[in-house]
Each structure stands twice: as C-alpha cells, then as structure tokens.
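Here is what each chain is made of, one letter per residue.
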Amino acid sequence: MNRKNKSYDLIMKALIWIFSAVTLVFFLLVTGFIIIKGAPQISWSFLTDIYKVTADKHGILPMMVNTVYLILITLLISVPVGIFAAIYLVEYAKPGKIVSVIRFTTETLAGIPSIVYGLFGLIFFVSFLKLDWSILSGALTLSIMVLPVIIRTTEESLKTVPREYKEGSLALGATRLRTIFKIILPNAISGILAAVILSIGRIVGETAALLFTSGIVPKIAQSIFNSGRTMSLHLYLLVTEGISTDEAYGTAFVLLVIVIVINRLSAYLAGRLRKRLQGGSAE
Amino acid sequence: MSNASELKKFNKKTRIMTFLVENLFMVCAFVSVLAVAIITFFIFYSGLPGMIEIGIFDFIFGTDWSPVYADGGFGILPMILGSIYATAGAIIIGVPVGLFTAVMLSRIAPKWLSRIMRPAIELLAGIPSVVYGFFGLMVIVPFVQKFFSLPMGQSLFSAILILSLMILPTVITISITSINSVPREYTEASLALGATKIETIFKVEIPAAKSGILSGVILGIGRAIGETMAVIMVAGNSPYMPTGLFSSFRTLTGNIAIEMGYASGLHRSALFATGVILFVFIMILNLVLMAITRKGGAVRE
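So the protein lines, in turn, are chains A and B.
Letter 139 of the first sequence, counting from 1, is numbered 138 in numbering that gives the first Met the number 0, and no numbers are missing.
Letter 131 of the second sequence, counting from 1, is numbered 130 in numbering that gives the first Met the number 0, and no numbers are missing.
Next up, chain B with everything else stripped away, as it sits in the complex (with noise of 0.2 Å):
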C-alpha cells in the first residue's frame, strides 16, 4: 500500500480514493483464497452427512449402485474404478503422442509443418467438450462397434481415446515449453560429445525436462479425471464394474450429471458423496503438481 508521507503532499479527496482503491485491489486478490474455503466447506457440508449415512466403507468399496430401489447399494467403487481406468488408458495412449509431438515440434519440425500444427493444437485445446463428446459418439462409438464386432460400441475403450485426444494438447504444450526451456549447454555440450541429434533429444534434454513434462501428464490426468460431458456420451454409463476394455461403464464425473437432475433425499447426498471423492482425487493431484514445480521450477499451460 501507499505509505502516508509518499501520499502527504496530496489532498485529502485523493488520500481516502487511493486508500480505498488500493484495499478494493487486496480484497479481489483474496476471492481466490475465499472460493477456494466456501467451495470445499460446501462441497464437503453437502456430502459427508450421506457419507456417513451410508458409511464410508460401504460407500467407497460397495460395488452395487442402485439408488433408485427400496434397499438398493451406494457402492461407487466401479465408478472410482471406471475414472481411473479410464484416465490410465488416456495417459497411456495420449502421452506417447503428445511428448513425441513436442519433440517434432520443438526440435524436428521444418517451418511449415510447425506453422500448420502450432494453430491446430492450439484449437483442439479450444474445442469444447461437448462437440469432443458429440464427435466421439457420431465417429469413434460406430468405429469401435465394428471394427471389434461388439453389440454396442460405448465402451471404455471409446472413453479412453476421446480423453487421450482431449489430453494432447495439454501434454503438447507444457512439453514444448519444458524441453524449450533446457539450457543450450546441455544440448551443445552432447552433440560434441558425439552424439547424435536424436540422442541428445531422447537422452539428454528430456531427462533434463523431466519435471516440467511430468507437470504436464499430471495436469493431463487432472484433465481425463475431471471430463464430464465427453465421457458421457460414449460410455454407456452402466454402474456396474467395468469387466473389460469393451464394456460399458461409468466414471464418478458421468455418475453426477447423469442423476443429479432427478435425485432427492440420500441419493442426491449419495451424488454429492461423489462429488466430495472426485475432489479429493483433484486436491491430491494438486499438492503432487505443487510439489512437482516446487523442485523443477514453475510450468504453466
């Protein structure tokens, strides 16, 4: 703030404006820290009493979910199972292609092809979940569905390459910015060792970017874990445990929006429940990213 004697020599109008200004700047800055309290207070208020109804045992490792009946379970275990299934697979397939994507387009690409891919990452990362969900739904669903011969393509399979599509450019991005960011001597220092460009790329300034690209997957998880929209529609979104690949299944995001609209009573507390997990999920991925750029300097998308 500004200090009295910097503000003496003006008058009093503009003394009270500036103290006034200056306080209105802190209070925006402390919304952050005052949504981040009311959203865990609320999110946590609203579903630990369900929680504890249905006990959190019960809750957590139950495999039947089937709120709608009389005596009927609040088991989410084959949603938690079916996120991160679903996530694992995503990262699985979507961190290969995205790091070797960076690779080619901070180190190999000639002019035109970055000029053509920067644009296109740039725009996948813009694309609205819901037009990835309708694509996936409209392409991958029927492609699924008769390339493996199944009764119906809406499967986990599906789910994990619409995530792993959704995950690239975030991948992409903060890998590009973290093997960007290897200082030059390690480069230089390799190749007059002797080794080859590809080698340096693979041998040195990856492992020197490693906790930036780390970073990167950890916000790509946070990503796959949190989708909602997308996932629903091609997953079929059965509760049961997921048995394979090509099963229909759901994820504890899909179990929210999906029955939110039409819950009351311990179901909708059930719903809640499973928003609490999902934000627990995402609080512990957070302090892992925090402690990840706390040693490897800071890296933003």
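So that you can see chain A by itself, here it is in the shape it has in the complex (with noise of 0.2 Å):
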C-alpha cells in the first residue's frame, strides 16, 4: 500500500469514528439530560393528581389518561382498516395499476407532516363534519396519519407465513377467508402486533396534528366528542406558556419512559419476525 492510500484510509477512518461518537454523544446528551433533570421530579401526586389551574403544583393524570383514549379510538379505526387493505394488497390484489395506485397514495400518507394532518383535521373532522375540538376529531386525524404504518408492517408480515400452510389449509378444503382468518392472520400476528406498538409510539407522541383537533383542555375527556389534552401537548405547552419548567422535564420524563418501553416491545417483536425469516420456528 503506498503513501497516499495509506492516509486517505487514515483520514477516512477518522470521520468514521468522530461522527459516529457524534451520533452517539447526542444520544447520550438528549436522553442523559431528560433523565437526569426528569427523573428526581416524578412522585406519587405528579402521577396521579389532576390539573387545576389555581394550584401551583400540577399533576399529568388527565393527560395520561387522555392520551390512553386517544390510542385505544385510534387504533379502534386504523387497525381493522390497515389489516383489511393489508390483506386485499398480499392476498387478492393482482399487481397493476390498481395496486401501485394503493401503493403511491399509502406513501403519500406516510410522507405527509403531521401539522398538515392538523390543518386537515381542523377543516374536515372539526369544522365540516362539526366534530368540534374533541377526541374523536384528534383519532381520525391520527388513523389516517398512521394507516400506512399499518399497512406496511402488517404486509410484510402476512408476507412471511410460509406457502405451505396457506396451501394446506386450501387443499383441505376450507375457503380462502377460512384460511386467512384461521392460518395466515395468527400466523402473522406478532409483526401485527409490532405494526399496534409502532402506531402507539407515534400516536404519543404527536402534537402538530392534534393541536387543533383534539384541543387543549387539561381535563379528563367525560367521552370521545369531548376535548382533552395528551401528554405530548402538555409538555408543549408548559413550556411554551412558561407554566412550568420542573413539570415540563417530569413530563418528558414520562414521555421518554413510554417510548423506551415501545421501543424494546417492538425490537423485540421485529427479533421474532426476523427468526421467522430465517427459517426458524418463531411461535
């Protein structure tokens, strides 16, 4: 190896582990700097106290609590919705225009900013179908915005039943919605479920579409056509409203602490699928 290949090697290798450190360094710093100053601000009454405007210490209950409605009406329409065009795309649709038409849209989806799905669901769920500001405005606002998570994962995971089974279950006479319902779907059930835990994450975390659909009231929602602010929204607004400092990083505590445990659901279920892949025996 002569001289010159010898330091382009050198200064290549170089960039590779600063920036790498670089990534890493933000890491640490973005979650280091959350536990630290979010962990000592976590007790019993910050978890479970409501949200009066008068008191001067606030607790996140009703947010919780709301952001717990707004996941299980979301995932309430999305689910069935993506599993279905899910199975329409693996198991009956004939490659074409009709499926790349699906296809591009699904992406578009996908790519759309959520504060977009905000404007959306301001125009159409809360003024034109007068759903007012509430959660039922904010989950059909977020179940378009994750269907294509949906859609995505749920497909390669219908993708991943072995043939076999499918053909058994036909050639043993059972129809073909038998078989998807009574082989293919729980055979795919854990990438389904991951497809649920990655919807999850991002239904926590959204503000910018919920802003102006589900609303900013920090009470506990009494249905679904009432308003009710989520976690996300609540850190949002402490901040900017300049309420509270020690409640914001009590509240991103929280928030960091439900995407940790999102995050090892779906690593660990996208570790089955994987062995799956490989010709192991998940199940």
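Rather than coming from a laboratory, the hints here were simulated on the basis of the structure.
A couple of the hints might just be wrong.
Subject to a maximum C-alpha distance of 25 Å in a straight line, what follows is the list of computed DSS-like cross-link-like pairs (lysine-lysine) [as the list claims (entries may be wrong)]:
1) B:110 <-> B:196
2) A:36 <-> A:12
3) B:294 <-> B:209
4) A:158 <-> A:5
5) A:12 <-> B:209
6) A:36 <-> A:165
7) A:181 <-> B:11
8) A:218 <-> A:129
9) A:129 <-> A:158
10) A:158 <-> B:294
11) B:12 <-> A:165
12) B:11 <-> A:165
13) A:274 <-> B:202
14) B:202 <-> B:294
15) B:209 <-> B:196
16) A:12 <-> B:202
17) A:181 <-> B:12
18) A:36 <-> B:145
19) B:12 <-> A:12
20) A:96 <-> B:294
21) A:93 <-> A:158
22) A:56 <-> A:218
23) A:5 <-> B:11
24) B:294 <-> A:93
25) B:110 <-> A:12
26) B:12 <-> A:5
Partner residues are not named here, just some residues of chain B that face chain A (Cβ under 8 Å, in silico) [said to hold, decoys possible]:
27) 32
28) 99
29) 128
30) 146
31) 274
Label-pair distances were calculated between CB atoms; the ranges are [said to hold, decoys possible]:
32) B:115 <-> A:53: 45 to 55 Å
33) B:209 <-> A:172: 46 to 56 Å
34) B:52 <-> A:103: 25 to 35 Å
35) A:75 <-> B:69: 45 to 55 Å
For each residue, glycine too, the CB sits at the ideal point set by N, CA and C.
Using the hints, put the two chains back together into the complex; each one sits in its own frame.
Laid out in structure tokens, this is it:
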C-alpha cells in the first residue's frame, strides 16, 4: 500500500469514528438530560393528581388518561382498516395499476407532515363534520396518519407466513377467507402487534396534528366528543406558556420512559419476525 | 376475489359472507386513496381562495407578514426561505454524520459497539418531536447564546442543530439498508483488485448504494421541512427575513402552528394557504422519491 492510500484510509477512518461518536454523544445528551432532570420530578402526586389551574403544582393524570383514550380510539379505527387493506394487497390484488395507485397513496400519506394533518383535521373533522375539538376528531386524524405504518408492517408479516400453511389449508377444503382468518392472520400476529406498537409510539409522540383537533383542555375527557389534552401537548403547553419547567421535565421523562418501553417491545417483536424469515420457528 | 366455481361447494351463507368480507378488504385498501384525495381537496379548497384574494405572487414573494394589522401584508417569503435554510442546514450537518455512522454500523463497528448504537438510533427515531424541542430549548438554545455571545439563542442555527439530530435516524437506517444490499461480488472484486477496505467502502459500495442513500436524504428533507413542534420551540419565530445563521426566524410549519389558534377571516385563509405551499413542497419531494426508488429499487425506512 502506498503512502497516498494510507493517508486516505486514515482520514476516512478518523471521520467514521468521529461522526459515529457525534451520533452517540447526541443520543446520550438527549436521553441523559431528560432522565437526570426529569426523574427527580416524578412523585406519586405528580402522576395521580388532576390539573387545577389555580394550584401551583399540577398532576398529569388527565393527560395520561386522555392519551390512552386517544390511543384506543385511533387503533380501533385504524387497525382493522390497515389489516384488511394489507390482506387485500397481499392475498387478493393482482399487480397492476390499482395496486400501484394504492401504494403510491399510502406512501404519500406517510410523507405528509403532521401539521398538515392537523390542518386537514381542523377543516374536515372539526369544522366540516362538526365534531368540534374532541378526542374523536383527534383520533380520526391520527387514524389516517398511522394507516401507512399499519399497512406496511402487516403486509410484511403476512408475506412471511410460509406458503405451505396456506396451501395445506386450501387443500383441506377451507375457503380462502377461512384460510386467511384461521391460518394466515394467527401466524402473522407478531408482525401485526409490531404495527400496533409502532402506531402507539406515533400517537404518544404526536403534537402538531392534535393542537387543532383534540384540543388542549387539561381535564379527563368525559366522552369522545369532549376535548382532551394529551401528554405531548401538555409538555408543549407547559413550556410555551411558561407554566412550570419542573413539570415539563417530569412530563418529558414520562414520555421518554413510554417511548423506551415501546421501543424495546417492538425490537423484541422484530427479532421474532426475523427468526421466522430465517426459517426458524418463532411460535 | 374467490371465484364462483371455487365457492360452489359451500352453502349460501358462506358464499354471501365471503362476498361481503372480501369486498370489505378491497374497500379498506382504498381508504388510503380516498384519504389522499380528501386531504388534497380540503387543503386546496380552504387555502386557494385566500391565496387568490391576496394575489398568488404577493403571497409567495411578499416579504411582509403582518396579518393582524388593518392593511398588513400577507407575504410568506420569509417563512419559505426559513424552511429552506433550516432544512438545507440540517442536511449539510445531518447527512455526513448519518452516512459515516451508517458506514460504521454496517462495515466497521465491532459487535459490542453495534449492540449499543443500533438500539440508540432506534430510540432516537422514536423520541417525540416535542421532547426534542424541549431539549433544544433547555440545552441547545442557551449553549448557542453563550457560545456565540448572542442576545438570544433562539435562532436558525439552533433549529439547524436540532433538525440535524432529528433526521439522523432516518439517514442512518436507510443508508445501512442500502449499503448492506450492495452485492457481495462488488466488494470482493474490489478487495481482490488490491483496494483497501476503506477504499472499497467509499469508492465501490457507497457509489453502488447511492440511490438508496439519496432516498434516505429525501426522506430526511421531508422530515425536516415538515417538522413543527421542535422547530417552533427553538426558532424564535419572528416573521421577518432570516438575516443570518443567528437571526430569529420562522418556518412555514411554525407559521401555521403559532397563529392558527387565534386567526380568523383572511388571516385564517392565509394560514391554510401556507399549508398549501407546504403540501406542494411535500408532493414534489414525494415524486422525486418515487423517481429515485423506481430507478434504484425500493428502499424503505
């Protein structure tokens, strides 16, 4: 190896290590900062108190409950639609114009920024359908937003179900539909779960799309037609309205913990999927 | 759909059920198509009239945004440029860092290091943007203010730093996938010709993976231009032309999020029109992405 090559190698190698270190340092800064500043703020009353405007210390219980509401309603709408769409794409549709239109629009949905979803939700669900600022408006908006995640992930897991299972079932005289519900879906369950968990992550973290759809009322929503502030929105409002930095640290910490749990769960499920792809049995 | 002869052996109830459920599958598959159509329609329907009333040229190239005043301007050029500058800055920092990190993880890193870094990057991708914004406001903004001794740290530069961080996971994950899908023969041939491992990576593998890496960059651009919460928390948000790296500025997304809460009348329409411009930007990116992936094979996040 001549000198020129050697120095080229050296420079590139140095850049690789430096930039990787930058990534890692950034990661440690963000998570470390939130954990160190946030963890001390967590107390029983912080997690279980309601939000009283007049009090000088507030709890986050209403926001946690609203977040759970929003997750449930969003999933209730988007998961069946997403799974059925994936079944159609994998089991029924023949490659051609229709499928490419469906795929193009699904990709488009994945690329639309959340503030545009927020605008759309405000125009369509809140004003046009007169659902007002409510959990339902927020959930409908988010359902469209998470749809691409659910369709893609489910599609991939449906494709991993071995052909023999399906053919065996059909050969035994089961209808195609019965085969889908009794053989294919149960075998794709870990992928579908992964889709659900990814979606929960997006819903928990969403702010811009909810600002003008589910609204900012810091109370437990009495029904899906009421406005209810979620955790992420709460963090945003705590900071921008200058209510309490300490509570913001605490809220950010809780959000980070939720994200870490979601992340580990989906890594576990992805691991199971990979095993299946490599031919091992995952069930 | 199941054809008639296939179903003849089953009873009527099964046949009707099958027909209904299979059509339900198809309807669900078309929900995405319907959603895109409705979103496009309503965004344009609410934004275009305002844009026409203001005058499309005045709206896009006007530099005065003061909608709350009686004869205030409705020009969003400062915000268009703000979005473009912030995104460009994020790409200039984020892409090299991301690409080299991807090289590290796909080719160089010892096992123990990947075992730490891969979950870290996955987690970075999952952290909510409002948490990034909060971090930016509490850490990056004061740092920028002190380090450059500025009157305030909310600036284009702070936004660029936070956006660079936010696009890293996208750039890294997609670059890793595309580097790993370079055929082994390329690598082996290069090594057999006497090239070093590093030369092979940068002169053979990365050029071969460029369409995949490029689509990662496009997705990063999309993420940066569409980012709202993180940016408004660190940008300062003054609606004037950005005058330098350290000036307070506002993006298209920020313009909508900050003012929609109290806007009415033409002001409100102008915000929807801001949404139209943003939407058009994203559609163009989408088409570019499609063109790239069609040429170079599909790459997904």
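How the hints compare with the structure:
1. B:110 <-> B:196: holds (18 Å)
2. A:36 <-> A:12: Violated, because 36 Å separates the two Cα atoms, which is more than 25 Å.
3. B:294 <-> B:209: holds (11 Å)
4. A:158 <-> A:5: violated (46 Å)
5. A:12 <-> B:209: Satisfied, since the Cα-Cα distance of roughly 20 Å is no more than 25 Å.
6. A:36 <-> A:165: violated (53 Å)
7. A:181 <-> B:11: Given that 25 Å is the threshold and the Cα spacing comes to 20 Å, the pair holds.
8. A:218 <-> A:129: Holds, because 21 Å separates the two Cα atoms, which is no more than 25 Å.
9. A:129 <-> A:158: violated (40 Å)
10. A:158 <-> B:294: Since the Cα atoms of residue 158 of chain A and residue 294 of chain B sit roughly 24 Å apart, the hinted pair holds (cutoff 25 Å).
11. B:12 <-> A:165: holds (23 Å)
12. B:11 <-> A:165: holds (24 Å)
13. A:274 <-> B:202: With a Cα-Cα distance of about 33 Å, the restraint between residue 274 of chain A and residue 202 of chain B is violated, given a limit of 25 Å.
14. B:202 <-> B:294: holds (21 Å)
15. B:209 <-> B:196: holds (18 Å)
16. A:12 <-> B:202: holds (14 Å)
17. A:181 <-> B:12: Satisfied, since the Cα-Cα distance of roughly 18 Å is no more than 25 Å.
18. A:36 <-> B:145: holds (21 Å)
19. B:12 <-> A:12: Violated - the C-alpha atoms of residue 12 of chain A and residue 12 of chain B are around 68 Å apart, more than 25 Å.
20. A:96 <-> B:294: Status holds; Cα separation ~18 Å.
21. A:93 <-> A:158: holds (15 Å)
22. A:56 <-> A:218: holds (15 Å)
23. A:5 <-> B:11: Judged against 25 Å, a Cα distance of about 77 Å means the pair is violated.
24. B:294 <-> A:93: holds (22 Å)
25. B:110 <-> A:12: With Cα atoms ~17 Å apart, residue 110 of chain B and residue 12 of chain A stay inside 25 Å; holds.
26. B:12 <-> A:5: violated (76 Å)
27. 32: holds (5 Å)
28. 99: Given a least distance of 4 Å, the restraint on residue 99 of chain B holds.
29. 128: With a minimum Cβ separation of about 7 Å from chain A (threshold 8 Å), the hint on residue 128 of chain B holds.
30. 146: violated (15 Å)
31. 274: holds (5 Å)
32. B:115 <-> A:53: 45 to 55 Å: holds (47 Å)
33. B:209 <-> A:172: 46 to 56 Å: holds (51 Å)
34. B:52 <-> A:103: 25 to 35 Å: holds (33 Å)
35. A:75 <-> B:69: 45 to 55 Å: holds (48 Å)
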